[in-house]
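K.L.:
Fit chain C to the supplied structure of chain X, relying on the hints for placement.
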Amino acid sequence: MALPAPLRASVTPTELELIASEQLVEIVPLVAMERTAFISGAYGPLRPPSKCKVPIWMATNLKLKKKCRIVPPDWLNVEFLEERLVQETTGESFSEMPFRFAEVAKVLIDTAPDDFPNPDKIRSLLKDIREARQAKSREGLSKLDHSELSLPNLCSMEINEIRPFFIRAMGVLIDIIKDAQPQQDIA
Amino acid sequence: MVYLPPPHLASADRPSYAEAYAKILASHRRSPATSASSVIMLVAPDVDALCAARMLADLFKQDDVMHRIIPVSGHAELERMREELVTYNDLHTLILLNMGSILDLPSAEWFGDFSTRLTVHVIDSSRPQNLSSVFGGGENGERIVIWDDGGAELLQEERKAWEALTYEPEPDSDEDSDLDSEHDPEEDEDEEEEEEYEGSSSTGKRRSIGDGNHGRKKRQKDERPHRMSRDERERHAARLEKYYTSGTWHGQSASGTIYILATVLERVDNELLWLAILGLTFQYVTSRISREDYDKYHSIYYDEVARLNPPPPAAGANDYDFKSQHPDDTSVYAVDELRFMMFRHWNLYDAMYHSSYIASKLGIWKERGRKRLTGLLAKMGFSLLDTQQPYPHMAKDLKLSLRHKLDQIAPEYGLVELSYPSFTRCYGYRSQPLSACDAVEAISALLDVATGVRMEVEIEGARNGGEWFGNGKVWEGGRESRRRDDERENIPPGGIAPAAKPKNTANGDVHEDADEDDPESQWRVKNFWTAFDALDDIVQLREALPLAMSLHRAIIRQGSSIIDKRDIRTLRGHRVVVLTQGPDLALFAHPGVLGRLALWLADALRDRLAGTTPAHARSRRKSLPLVVACLNEHAGTYVVVGVTAALDFGEVRKNEFGLAFLDAKERCNARTRHGTFDTSVLEINKDDLKVFLETLCEGGDR
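Chains X and C are the protein sequences, given in the same order.
Residue 1 is where the first sequence starts when you use full-length UniProt numbering, and the numbers rise one by one after that.
Residue 1 is where the second sequence starts when you use full-length UniProt numbering, and the numbers rise one by one after that.
These aren't lab readings, by the way, just hints derived from the structure by calculation.
Note that this is a predicted model, so its numbers are computed, not measured.
Glycine is no exception: its CB is placed at the ideal position from the N, C-alpha and C atoms.
Watch out, some of these pointers could steer you wrong.
As the list claims (entries may be wrong) - Residues on chain C that point at chain X, a partial pick, calculated with CB under 8 Å:
1) Q62
2) E109
3) G112
4) R267
5) H326
Isolated chain X, as found in the complex:
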């Protein structure tokens, strides 16, 4: 792919979005559909007005054609995010967030802002959380050593961000340790 060099080492955010779109989300369909087989599995039947779980890619497709309404996942609302933000800014370690929260939130809020009660507040809360976690992961990287890097509760986009760096860094550290050891053996 014709990406700049730093991005070629890892997965791109859009690919992550694609992977995250396999997750199921609940919708309120406005049209009826039988249980249909797709490549990834069979979904449906869609019987308005009862809710149904479908993959996010299908939900966004239907939403763009105005054939459904998306029900926000239970973690994507102002109260939950505010609570998490408080935890994030007061605690030392990362708070628990759904693994692919960044991608799912982006896709859902961009396609269906009218289905959320307070979309701009949610957007600003998400940004705050991301910045707090970013600060923590920068700190955590300084504790990098040659054998392990333990950052519990890190989410997929963040892992993807630091992956190129810490892979190379760990490689260099391992080389340094290997060089240091034979000298010790000899001595």
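P.N.:
Showing chain C alone in chain X's frame:
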């Protein structure tokens, strides 16, 4: 054949828009040979058709119907397109937007020879409609579907006349019985068609015609063959003549029609509503519909806006400048719009100077008139410096008091109808809210002059308290778009001649056409797509506003100089203006721009010239017929535009120039060409102009 009544007149056996749409979907889904060319939309180059195309494209996209949009700029191109379309095997739906209602579509010349799977839908706001398309029956006629706005209901008399003339064979004075038998097969056919007719209709009138014919036929087998006296025939023919020759006018906008379709399908949303509003505003701003019609449709849209949008914030009740409430705010608000030309993007003085309404009342082409304008502004409490400031930078208290003061003080100067109800749309935090008339101005400027002519555009801030440093830049909008690959790939070794310089040594019209059309149609198509993209993209739309402003400036410059130099000749009741020189001649060779100049002149001169009855007019009502001709030096032709303005502001008259032009052309054998769908615009060879104008103005003596 079928003309579709609007949904409120539909009934079980009179299908309406929704059924026609469902049929399009069904034939798309069911036909095995469906491809991207199965549904084709031919779109005329005006803002209303553009909005309608966008709305229909959105509806199709939501229904997963693959479609193609093809811009068509005039009759000649439509004919060429038709030739091409004959070769498409998988075409089953053709939609014509704002074109074709005057054409006899079931005839062999147009779509009579196409395969029977093809259905042609005509969504056109121009009237009169061709009666054989509207009423033509039989298998051939069934394929032509005209989406009507209720106007065809009023054409019952014309319907009878048309049917009488079409279905009755020529009256024969012979009494031979073998003529009887010869006539029989024809009669049978006629009867079959009429029976089909009766089956699909439910009005008593039609049944009675059928029965009448039946009865007459029986009688007629005993008697002579001719059923109608010559008088009757003549009466019918006269009735049809009257219908066709009373001039051209406009009915419901195409985008309004599609909005009604969306309402019936229950799929309306703010986007569709906004586009329908743009179509309506376009019709009003270009004097295609009268103020009454505008108010009628406006009230419908007003209710829709109230239904689909949150009410405007109470704090903003006095402030006519709405602000977006939050970043996703794309709501539409109803607000009264002043008649100044784009006043929110210009400074106040310029906006008032360029508005044709004020131009006429104050006479701004003279120095005296300009002084009156500044006097008016001064009385309202705006100093000269204030009025030269761009509107967004104007002091807040001045903005708030503007409307109020205008209501108080403007009537002294004779400016009474300064505002009309209209709409504004918010675009979140991406841009300031944009009003409907500004959007229409921007899009029509893009359609006319985005490419093809060199336009200079003013950079904001280059003025300072009345002094202008002359920093303009050349408009590059059309070329910046991503279609640069057209220009890269097909460059012949000598380089392409730019659009404005067609070959010079053309002799005869045909040669000129072939050479001129390619660069001409190229820039027309480019303009079309630039405008189409801008409908969605607020950034492009805002960038087009300076283009619209410089277009207006050119029009005012030319218009004022015409009036100043008293260049308007009166030939037997017609006012004629011929432009042969001037800085903007290349610009005015475009029919769209020339049309706008004509409208501006008509508005400006409304109160100053007495109304006249043009020589060829049918009615005795006085109106203001104006003919403007502009020389296209490169092509060696004149572009001529005829406008029939009403005497009162806010009314429209039927435009009789279409027929007058055709008449005059035949009588003086001029070499002419109709470049657009508007019959009141034509291109005529340079040498024939004088003779043509004279024959035009003598038109009354027949």
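K.L.:
Taking the numbered hints from earlier one at a time, note which ones the structure violates and give those numbers from smallest to largest.
P.N.:
Hint check: 2, 3 fail, others pass.
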